[in-house]
Structures are given as C-alpha cells and as structure tokens.
Amino acid sequence: MSDLQSPSKFHNFLNIAKANMRNYTMFLILGLIMLGFAILTDGVNFHPRNFTYIFIQNSYILILAIGMILIIIVGDIDLSVGSLSGFLGAISVIIYNNLGFGFVPTIILTILIGLAIGAFMGYWVAYVNIPAFIVTLAGMFLFRGLTYIITNVTPITPRTQIFKDMASGTVDFLKINTMAANSNGEMVQQAFQPLPIIIGILIILYMVFSGIKDRKNKIKNDFTILPIGYFITQQVFFAAILMLLCVKFAQYRGLPNVFAILGITAIIFMFITRSTVFGRYIYAVGGNARSAKLSGINSEKVKFLVHVIMGGICGLAGVVFTGYMNSALPDAGKDFELEAIAACYIGGASAAGGVGTIIGAIMGGLVMGVINNGMSLMNIGANWQYVVKGSVLLLAVWYDVYTRKKAGLA
Amino acid sequence: MDESIILEVRNLTKEFPGVRALDNVNFSVKKGEIHCLCGENGAGKSTLMNVISGVHPHGSYEGHVLFHGKETRYKDVKDSEKDNIAIIHQELTLSPYLSIYENIFLGHIKPKFGIINWTKLITDSKKYLQKVGLKDDPDTIVSKMGVGKQQLVEIARALSKKVELLILDEPTSSLNDAESKALLQLILDLKKEGITCIMISHKLNELLEIADSITILRDGRTIRSYNTKEEQVSEAMLIQDMVGRDITHRYPERKNTIEDTVVMEVKDWTVYHPEYPDLAVVKKASFSLRKGEILAFCGPMGAGRTELMMSLFGKSYGSRSSGILRVYGEEKNFHSPKDAIESGIGYVSEDRKNLGLILIQDVKTNITNSSLKKISSHGVIKKSQEVSEAEKYRKALSIKTPSIDQMVKNLSGGNQQKVVLSRCLMAEPSIFIVDEPTRGIDVGAKYEIYTILNELVSRGKSIIMVSSEMPEAIGMADRIIVMNEGRIKGELTRQEASQEKIMTLALKKVQEN
Numbered sequence: 056m057s058d059l060q061s062p063s064k065f066h067n068f069l070n071i072a073k074a075n076m077r078n079y080t081m082f083l084i085l086g087l088i089m090l091g092f093a094i095l096t097d098g099v100n101f102h103p104r105n106f107t108y109i110f111i112q113n114s115y116i117l118i119l120a121i122g123m124i125l126i127i128i129v130g131d132i133d134l135s136v137g138s139l140s141g142f143l144g145a146i147s148v149i150i151y152n153n154l155g156f157g158f159v160p161t162i163i164l165t166i167l168i169g170l171a172i173g174a175f176m177g178y179w180v181a182y183v184n185i186p187a188f189i190v191t192l193a194g195m196f197l198f199r200g201l202t203y204i205i206t207n208v209t210p211i212t213p214r215t216q217i218f219k220d221m222a223s224g225t226v227d228f229l230k231i232n233t234m235a236a237n238s239n240g241e242m243v244q245q246a247f248q249p250l251p252i253i254i255g256i257l258i259i260l261y262m263v264f265s266g267i268k269d270r271k272n273k274i275k276n277d278f279t280i281l282p283i284g285y286f287i288t289q290q291v292f293f294a295a296i297l298m299l300l301c302v303k304f305a306q307y308r309g310l311p312n313v314f315a316i317l318g319i320t321a322i323i324f325m326f327i328t329r330s331t332v333f334g335r336y337i338y339a340v341g342g343n344a345r346s347a348k349l350s351g352i353n354s355e356k357v358k359f360l361v362h363v364i365m366g367g368i369c370g371l372a373g374v375v376f377t378g379y380m381n382s383a384l385p386d387a388g389k390d391f392e393l394e395a396i397a398a399c400y401i402g403g404a405s406a407a408g409g410v411g412t413i414i415g416a417i418m419g420g421l422v423m424g425v426i427n428n429g430m431s432l433m434n435i436g437a438n439w440q441y442v443v444k445g446s447v448l449l450l451a452v453w454y455d456v457y458t459r460k461k462a463g464l465a
Numbered sequence: 007m008d009e010s011i012i013l014e015v016r017n018l019t020k021e022f023p024g025v026r027a028l029d030n031v032n033f034s035v036k037k038g039e040i041h042c043l044c045g046e047n048g049a050g051k052s053t054l055m056n057v058i059s060g061v062h063p064h065g066s067y068e069g070h071v072l073f074h075g076k077e078t079r080y081k082d083v084k085d086s087e088k089d090n091i092a093i094i095h096q097e098l099t100l101s102p103y104l105s106i107y108e109n110i111f112l113g114h115i116k117p118k119f120g121i122i123n124w125t126k127l128i129t130d131s132k133k134y135l136q137k138v139g140l141k142d143d144p145d146t147i148v149s150k151m152g153v154g155k156q157q158l159v160e161i162a163r164a165l166s167k168k169v170e171l172l173i174l175d176e177p178t179s180s181l182n183d184a185e186s187k188a189l190l191q192l193i194l195d196l197k198k199e200g201i202t203c204i205m206i207s208h209k210l211n212e213l214l215e216i217a218d219s220i221t222i223l224r225d226g227r228t229i230r231s232y233n234t235k236e237e238q239v240s241e242a243m244l245i246q247d248m249v250g251r252d253i254t255h256r257y258p259e260r261k262n263t264i265e266d267t268v269v270m271e272v273k274d275w276t277v278y279h280p281e282y283p284d285l286a287v288v289k290k291a292s293f294s295l296r297k298g299e300i301l302a303f304c305g306p307m308g309a310g311r312t313e314l315m316m317s318l319f320g321k322s323y324g325s326r327s328s329g330i331l332r333v334y335g336e337e338k339n340f341h342s343p344k345d346a347i348e349s350g351i352g353y354v355s356e357d358r359k360n361l362g363l364i365l366i367q368d369v370k371t372n373i374t375n376s377s378l379k380k381i382s383s384h385g386v387i388k389k390s391q392e393v394s395e396a397e398k399y400r401k402a403l404s405i406k407t408p409s410i411d412q413m414v415k416n417l418s419g420g421n422q423q424k425v426v427l428s429r430c431l432m433a434e435p436s437i438f439i440v441d442e443p444t445r446g447i448d449v450g451a452k453y454e455i456y457t458i459l460n461e462l463v464s465r466g467k468s469i470i471m472v473s474s475e476m477p478e479a480i481g482m483a484d485r486i487i488v489m490n491e492g493r494i495k496g497e498l499t500r501q502e503a504s505q506e507k508i509m510t511l512a513l514k515k516v517q518e519n
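Chains as they are written, first to last, in the working numbering: chain A, 56 to 465; chain B, 7 to 519.
So that you can see chain A by itself, here it is in the shape it has in the complex (with noise of 0.2 Å):
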C-alpha cells in the first residue's frame, strides 16, 4: 500500500494505530476503569485477593457471554439461559446427590443435558422457523417453572463440599512457600503459586512465535503486514496484560479453577470463531442469511448448532454457578441472560447480526463486573450498581455506533 511508504515513520505509526484502535479500545476503557477504581478505592481493587474475585464472582457470566455471542453473531437472541442455567445447576446437584456419579461425571451428564435442551430450542428456531426471542421467552419461563418443580422451591445442597472448591478453589499444583510481611509487620508464611506465571509464560511464547511465524508467512507470500514498530508494541501490549494477570494469580493462591475453565472455553470458541469453516459460517448466516444459504451454506444447520453449543454452555454455567453459592437456588440464574447478553454489546457485538467477538464479549462482561467490584468496594449499594451498569451499557453502544459510523463501517 502507498500510505505504508509516507516519509514520516513515526506518524505511519500513529496511522496505523489508530486505525487498528477499535480493537484495542476494550482493553483502554477496562484499565481506565480499573485505574480510576484505584483511585477512589486506595489501591484496594488491585490487590491481588481482590482480583482474582473478580473472575470468581464473574466466571458463570463470562462463561455465558461467550455462547451469547455466538448467538448474536448468528443474528438471534437468547433469553432462557438463565433459566437453564438455573435448571442445570439443580439438576446436576441432583445428579451428584441422588445417582451416586463422581464430580466430573456429573459435570459431563449436566452440559450433554444442556447441549439435548439446546437442540430442543435450536429446532424450533432453525426449522419450524420461529423467531428466537419468542421460542428463548418460552424457554425462560419453561425452565424456572421446572427449576422450581425439581428443587421444590427450596435450596438443595450437594452432599461434598467438591462443588463449592471447584467454584473457588484454585489449580493446586506447585506451591512456593515464602515469608512474607503481614499488615503487622510479622514475618508469616505465604504461598507464593509459580503456576500461573508459567503458564503466562507459555501462552506469551506461543503468541510471539505464532506472531512471528505468520509474518514470515505474509512477507514470503508478499501480502500487506504491519509495520514491525506496531507489531512489537502490540505483542508488548498483550504480553504485559497478561504477565499482570499471572501475577496477581501468583501472589493470591494461584490460578483460580474457574479461570481455567474460562480459558479454555474462551480459546476452543476463539479458534472456533477465527479458523474454523462453522465459525465463518456462523459470522456469514449472520451478516445475511439469504446470501449464506445461496453460497451453499447450511443457514439452518448453522443456527441450530449455535443454539445447541448455548445449551452445553448453560450446563458449565450451571454447575459453576452452583459451586459459588455451593447449593442449587430455586431462583438461580435470575437475570444472567440480560447480563451475558448486555457483556455482548458492551463488547461491539452488533444486535443486527454478524459483528462480535468473543474477547469483545468477555472484556464486555469484565467491564460490567469490575464496575460492580469497585463500587461494592466503595460501599455503594446494588441499586446504585443497575444505574451505572444501565448507563454505561448506553454509552458504549453509543461509542461503538459512533466510531463505526466514523470509520465508514456503518
């Protein structure tokens, strides 16, 4: 391209960044969020305890914000996850307590019922052709209704504690003990967990190489690449996100379950959303479906399969969810499907279809839960939270509206 030839190279590099700024806008509104926390809040919400809540409070809605977005991408809407989710987790509490199943079975036996239920919803949407909001409206009232049919109306606790340390336990797997100064000034042990660090440190060598590996690819193949600065500073950029998160994993008590979970439930979707035919499929059916279909895709097989993964992911969701209140709440899941769904648009999903991410959704879902952190931290109540939630969703739709219609997306 000429524009990669101007004389100035420094300004080529502004160029370049802000025209890739869309991407990285996400990543700039969190740290500002969680710089001004910082402020109001003494340091506090960084500390490390208090970071790694702020995955465990959140993990069951991120989990769900990334099945949400795949149905949103594919152009529907979801609004029975919260009710399934609510179903699920009862059902795998019964599951554990009644069938005499290990943990990890019932975990499995919780997302296949999942994955039948989506498949139940999936069809009505994809072949009988009803639209999602009716066919997840019903769903939504559906399943609290069995919810409360199966769990009685009343709480139902598993029989081991096994679900409550999944849901906030930690990988354990080595441990440093080091001394270390308490608020006193007393000398106390303290684990120090090297894992997460180690693990940060793969994924960055995986990023770099595979970065560099492609480049290669591009300049062999003489296809356009970023200018070398840029892509320096944007591997730096992630690197040291992720070092900062490792690290403060490190320091608590290392690597919480639940972000493990998370993780690999964001990378298996990230790879299929960006590599894989289903995932270029699922972006096509929802940037129109009547061209999809005339390009020989499936459109219907496509839906039905985005409402059946929802499904399975309602079961994780359940079962984490479970584990955090460590029983299966009548009630459980109220409201998840609005905030997983407002984590989607908060993260640049489009609601005409055909537009998000999945890292978009969990940095929407993190916005979300960060705020709530810091003002919990601060002592502002619940109802205060809605107000700034309602609003902050507002205005970043807004924002994406504006810098799209800017940028001549739109």
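In short, the hints are calculated from the structure, not lab data.
Check the hints yourself; a few may be wrong.
[Claimed, not checked] Result set (DSS-like, lysine-lysine): computed pairs, CA atoms no more than 30 Å apart in a straight line:
hint	chain 1	residue 1	chain 2	residue 2
1	A	K460	B	K84
2	B	K398	A	K268
3	B	K344	B	K388
[Stated by the list, open to error] Computed list of chain B residues with no C-beta within reach of chain A, every gap over 12 Å:
hint	residue
4	T19
5	E77
6	E87
7	H95
8	L100
9	K116
10	L194
11	R230
12	R256
13	E259
14	I264
15	D484
16	M509
[To be verified] Just some of the chain A residues that point at chain B, by a computed CB distance under 8 Å:
hint	residue
17	N272
18	T331
19	A339
20	G342
21	N343
22	L349
23	N353
None of the values given here were measured: they were computed from a predicted structure.
The beta carbon of each residue, even a glycine, is placed where N, CA and C say it ideally should be.
Start from chain A and add chain B according to the hints.
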C-alpha cells in the same frame, strides 16, 4: 453569476476510508435541462449525487455546492428536500408493506388537526399515478409489485412534493424496454413543466435520446461536458471518455465452442408462488443446455425467468415445484443450494445486495464463503491459502479495492458484482446460471464480464444468462429462449435473433392448456 444555472459544483473532493471517491469535481446544470451523468462503476456518480442531495452532509466533503447561486450546507436529505431537490436512488426506498398511496405521501402527509384524510390522499395519489402512467390501484401493497412499477411509484412520490431538481440514479436499470421508454417520455414531460433533471445512466442510447447536456466522470474526476444541442455526440465518443480508451466492440468476439454433450436438461418445470401456493409462476418450462454454450433467457420483467432459475438452483424460490431436472444425464432432486453447488451448478443472483453479498464482510470473506471446504483441512481454514486465493480472483477480475480486507459495502456496484462472480468462480461449477450479470454496471466493466463469460465457455463450461437487455443477449448468446407470463414462448438462434423477433415472441399469444 449566470442566472440560467440552477446547480453548480466547485472543486468537490470527497474521501471514504481508503478511497478518494471524488477528486476536484466541477460541473454545472442549467435550469430546465436534462443533464445526464455517466461514467464507469466507481467513477463517483452516485457519490456526487449523494453530496448534492445531502446524503453526505456538509463538512464531510471539501469544495462547494451552489444551488440557485447560494452555497448549500445540507445536514441531511430533509434539508435538500426543503430546497425542492428530490433524489431517487438506485436502490428503491419504498416501505414494502405499505400501499402505493401511503408510500407516495409517506413523510409529508399534512393532517388536519392530527387526522389524516385518507380518501383525499387516495384521490390525490391517483393524479400522480396517472402522471407516471401507472394504472394500479393505489391500495396495492408495494411489495406485491414488480421493481419496474416500484420505480414509477418512487417518481410519483417525488412529484407529490414540490420539486425543482429531480435526481435519478439509474432509473431504467431494472426496467424492460417498454417501461424504460415510458419512463424517458415521462422525464421529457417533466422537463416541459420546468423541472430540471439530473440522470445517471449506463444506457448510452437512452441518454443520447433525451439529454441536453452530458457530463462524464472517470475515477472521481470530471472528464468532459457535452452540450448535445451544439455538438454531435456519439456513443463511441462517450465510451471513449468513460474508459479512457477506444472500445470498438461492445461485445467481445465469440468462437463457437458448443459440444454435443447435453449438460442440463429441464422438463415440464413448474414453480408455484411462495405465498400463493396455487399460483404457478413458471408453467411447464422445458429446455436443455449443451457443453460450451451460452443460453440466454429474455423476456419482460415478471416473465418468470429469475423464479425458474432460482427454483432450479436448489429450490431457492417458491413453495413447491414439479418437473424433471437432469444434470449430466442424471436425474437430480436438489433440496437446497448446497446440493446444487455440490453438483456443479453456480448461481449469480440479480440482487447482489440482498442475495449475493454479505455487505458487512470484507472482499476476501465474500469470495471464499462458498468454497471454504477447499481451503481448509478438518474444518480449519488455512488462512494464507485463503488470502492467496482471494488475491488471485482480485487480480484476475481486476476488482478495484484498496485491499481484500475492504468491506464490500464500500465498493462500487461493478466491483461488487465482480466479487459475487469471484465467489461463484471459486466454487468451480461446470454450469453457471448468471442472472442479469451486468445490471447497473458501466460499459467497461460489462466488457470485462463478457470476456470472463466467454473464457468460461471456451474452457468447456456452460452458461445460462438471464438478461433484460436484448442487445446483450443477442451479442453474447448462442441461443435465446424467450419467456413471458411464466411460459417459454420460443427459441431463437444467434443468427436469427433480433430485438423485434424477441419482442414478437414474448408477446405471442399461447393457448392455455
């Protein structure tokens, strides 16, 4: 300041991300004239009209637009409407589920005490419908009408407001010959009433027929303005200005490439309307296609050509269909476009924006969407192969785009059409069904597309071309099938075909059976 000039554009420059659409454009329109604007796809015609009518607001471009000698600073289309400028876009903007008269008065109904006098609106609308020569009941729902008639409703709507300057962006591109003629006559009538008209058109013969002035744009610049009263202008001159080179032949030369093998055979194919399952839109159509042949389907709008093709292409149209379809001698029963594509049939839709492209995706993705299986292993896309494939087609079809990462929404019509063609080509079908492949495309790009089609048949592929432009069918096809009212009315060879014969066949009465 010359009193007779109604609109003047001075040093106008308009940029889109990555594209300079208009580059220092100057042009002026005299009061009461018909000023035609032509140029290749992407030359900037539509952009220029959008600046004039306020679609692109003041401030988003550099330079000046003067209307009646005063600079316009329109924030949106509403502002230009206040100045009595009306624009009719290439894509129709009617509300599909409202009736004709509701559409005509939409946005400028003047209710009395908040109450609309519907009877008066209906009566008034009849006046405008008469003016544009539409005989339909004003109560008709717009979506039930053909595109040609919808175009007339658009004009009726413009007339129902006070209009001094009427801008028409390719008004005849989706009309058949008779409808086009009527529309041109209408524009001449409006001129008599003192309405100034700017018309964008690719149909040079039409344009020479009615224009008082002609301005040619190329690559965002004004190349030349002609005054047809003072100088003799020919199509060849215009074409040369538009493409910057001589095109002596409008259609590339064709060799006879037909072989004996019948690749596709259709027998008694009947298609029923999607919403009225008892209404047959195509009635007992039978034809066959040979290897290396270009077979054209002609006929007026609503003849059932597109419906027939889409129905053959995996039942993409209609509630049900009956008949026999054989591909390479084998009887086929396609349930979806996917089946058809897998059997080696490719379809390029006439409606590239709604059915052809995914506008919010980039050029690359649009090209590869049909053939992802080829560039992937175990469901994982090989990205560098995807880029090189897309680049291959960009170069082969010379798609004008800053990069293959550009959103197709930002490309001009002709380049969008090339993207749709690329997608179809990449799936490597042996039978191509191309529906109005050159609709809304300039002469240069048309020639390129004809060349591609010729090359395909010379490589042993077969093509069915649906076309509303008879010269195109005559210039390109080996055989022409004429359809009307859902029936095949007759067949002409390349040698015997003429516009008169096609029209005669189309209008021939057939005994109902």
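Checklist entry - Okay, which hints does this one fail, numbers in order? => result Per hint list: zero violations.
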